[in-house]
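*Asks:* Sequence:
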Amino acid sequence: MKCFYCNKKHVILLKCRCENQFCTKHILAEAHECNFDYVAYSKKLLTQNNPKIVALKVTPI
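With this note's numbering, the residue at position 8 of the sequence shown is -2, and numbering never jumps.
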């Protein structure tokens, strides 16, 4: 298998969230100019895992 960025054969390749395989030197998003939107992905996870909490209103006596 070859690294998608440097095109060299490596034993250990890791899969990035942009669905490409990279060596350990190029796995960081900054190292291979990743096109995956990490900010939007994080916001989506936060909204899914933390639903909006609505407090119950106090009933008047």
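What the hints contain is simulated information worked out from the structure, not anything from laboratory work. Every value quoted in this text rests on a predicted model; they were computed, and no experiment measured them. C-beta atoms are modelled at their ideal positions from N, C-alpha and C, and glycine is treated no differently. Be a bit skeptical, because a hint or two may be false.
[Stated by the list, open to error] Across the chosen pairs, the derived CB separations fall in these ranges:
(1) 40 with 20: 53 to 63 Å
(2) 46 with 8: 14 to 24 Å
(3) 32 with -4: 19 to 29 Å
(4) 46 with 20: 45 to 55 Å
(5) 31 with 2: 21 to 31 Å
(6) 41 with 21: 52 to 62 Å
(7) -3 with 31: 50 to 60 Å
(8) 40 with 7: 33 to 43 Å
[Stated by the list, open to error] Calculated pairs, SDA-like style, for lysine to any residue (alpha carbon to alpha carbon, straight line, at most 20 Å):
(9) -1 with 22
(10) 5 with 42
(11) 15 with 32
(12) 34 with 22
(13) 42 with 24
(14) 34 with 15
(15) 5 with 20
*Asks:* For which of the previously enumerated hints does the structure constitute a violation, in increasing order of number?
*Replies:* 1, 2, 6, 7, 8, 10, 11, 12, 13 and 14
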